[in-house]
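Enquirer: Chains as they are written, first to last, in numbering that gives the first Met the number 0: chain A, 0 to 221; chain B, 0 to 221.
Hints listed in this document are in silico derivations from the structure and should not be mistaken for laboratory results.
Glycine included, every Cβ here is placed at the ideal spot set by N, Cα and C.
Wrong hints could be hidden among the right ones.
Some chain A residues judged to face chain B by a derived CB distance under 7 Å, without partners named [stated by the list, open to error]:
hint: 1; residue: Ser111
hint: 2; residue: Ser113
hint: 3; residue: Gly132
hint: 4; residue: Ile163
hint: 5; residue: Val167
hint: 6; residue: Tyr173
hint: 7; residue: Arg174
hint: 8; residue: Leu190
hint: 9; residue: Ala198
hint: 10; residue: Glu202
hint: 11; residue: Gly204
hint: 12; residue: Ala208
hint: 13; residue: Gly212
hint: 14; residue: Gly215
This is what each chain is made of:
2 protein chains.
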Amino acid sequence: MEVLVPFSPDRPKSRLSGVLDGAERVAFARAMCADVLAAVRAAGGDPVLLTTASAAELDVDAMAERAGIPAPSVVDDDRELSAAVNAQLAERRPTPEEPTAVVMADLAIATSASIERLLAADGDVIIAPGRGGGTNALVVRDPAFRVDYHGASVRDHRRIAAEIGADVREIDSYRLASDVDEPADLTEVLLHGEGAAAAWLRESGFGLAVTDGRVGLSREGP
Amino acid sequence: MEVLVPFSPDRPKSRLSGVLDGAERVAFARAMCADVLAAVRAAGGDPVLLTTASAAELDVDAMAERAGIPAPSVVDDDRELSAAVNAQLAERRPTPEEPTAVVMADLAIATSASIERLLAADGDVIIAPGRGGGTNALVVRDPAFRVDYHGASVRDHRRIAAEIGADVREIDSYRLASDVDEPADLTEVLLHGEGAAAAWLRESGFGLAVTDGRVGLSREGP
């Protein structure tokens, strides 16, 4: 199954600016994306980077080498996320025989097992909800389905699927629900991550700090 | 399988004090607990309330009626969580034939399906991690296992299981990972809850507010 992985390399992860500087956010976002590409590949999916940059600008070969996988194909589209994904859905016309999946590039604790569950789930539209009402991953088997990532997209995607009469299911996965946007999310990567993103954080001096029974983030200087 | 549901009814959920007053926090905590009891029962488990109060003080019958289930048995123990759970594990001596589970009372979006996955999982010790390093649910099939809920308990439970040579597995469930402690967690209940806790929030005027693409909480006066 082709799995679109939207990745926007310009000024990524601005909500991490309190703990990571600009160059660090770029490096960390690339490490997360490499982990997602590797998990998709290990789950038997065929990753397609959907990105606002070109393959050369992205240095996709380096990212694939880091992930230990063949270089993924790259589609470049500088429109915002929903427009870019919908253009791909319109072009691919997913069906039960040839579904299309969409998996966000910041699911740093996704594993091949969690992606396998997603790809194997029955239904016309499979939604993996993200914390805060987002949609972190989708499988689409109905050519009429379109995305709208703005706002509480999990509700909108349930509604859009219902409007076209598609059978919609949800995947109950913490690993797929955990996108990384805020400093608190980094503790989840340290607790549960197994790939390049967790390694990058540890190499950059991050660790867990447990104070008064609550788990926080610590950072040591280089 | 007997499923311990620890529930401390005094001054519950203090981190919700910015959005709910004391009486509201008590009512909401009871609604969440009723939902968990109902989900455990629907999953084929036998819930046992492990509580710092007596059955009469708790008015367990009213809680069970709300959950639409027979009144659960009640064990009262006024020690802190880990000591109270460990006393039960010492007494019950869980084995593969007679395991004991522990499911927190504030898993307001847990469903019978997510609890079923937990109870059906293979392994000597099954951990459902919570956000922030907690342990939201456990199945124990080894009489030597003990809990330590302080701090990043998911790491401690992995270590404790390894020390006694127990085969430890983790359940990847967003519904089990989502305990309710902070105002942001209430949006998850509104988005994904199907029971008494979600109904209580709606009846109390809470709704979702989507501003600038971010999902927050709103409340209307009565």
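Enquirer: All hints are to be evaluated individually against the structure, with a verdict given for each.
Expert: Hints versus structure:
Proximity of Ser111/A to chain B is violated relative to the hint, the smallest CB-CB distance being about 12 Å (cut-off 7 Å). With a cut of 7 Å, the hint placing Ser113/A at the interface with chain B holds, because the nearest CB-to-CB distance is about 6 Å. With a least beta-carbon distance of about 4 Å to chain B, the hint placing Gly132/A at the interface is held under the 7 Å criterion. Against a cut-off of 7 Å between C-beta atoms, the interface hint on Ile163/A is violated, since the closest Cβ of chain B lies about 22 Å away.
Checking Val167/A against chain B by beta carbon gives a least distance of about 14 Å; that is not within 7 Å, so the hint is violated. Below 7 Å, beta-carbon pairs count as interface contacts, and Tyr173/A has one with chain B at about 4 Å; its hint therefore holds. With a cut of 7 Å, the hint placing Arg174/A at the interface with chain B holds, because the nearest CB-to-CB distance is about 5 Å. For the restraint placing Leu190/A at the interface with chain B, the shortest Cβ-Cβ distance is roughly 5 Å, inside the 7 Å limit, so the hint holds.
A least Cβ separation of about 17 Å between Ala198/A and chain B goes past the 7 Å threshold, and the interface hint is therefore violated. Interface hint at Glu202/A: violated, since its Cβ lies 20 Å from the closest Cβ of chain B, which is beyond the 7 Å cut-off. Annotation: Gly204/A was flagged as interfacial toward chain B, and the flag is violated, the nearest CB pair being 18 Å apart, outside 7 Å. Hint status for Ala208/A: violated, given a least beta-carbon distance of 10 Å to chain B, over 7 Å.
Because the beta carbon of Gly212/A sits about 5 Å from the nearest beta carbon in chain B, less than 7 Å, this interface hint is met. Checking Gly215/A against chain B by beta carbon gives a least distance of about 9 Å; that is not within 7 Å, so the hint is violated.
Comparing the model with each numbered hint stated earlier shows that hints 1, 4, 5, 9, 10, 11, 12, 14 do not hold.
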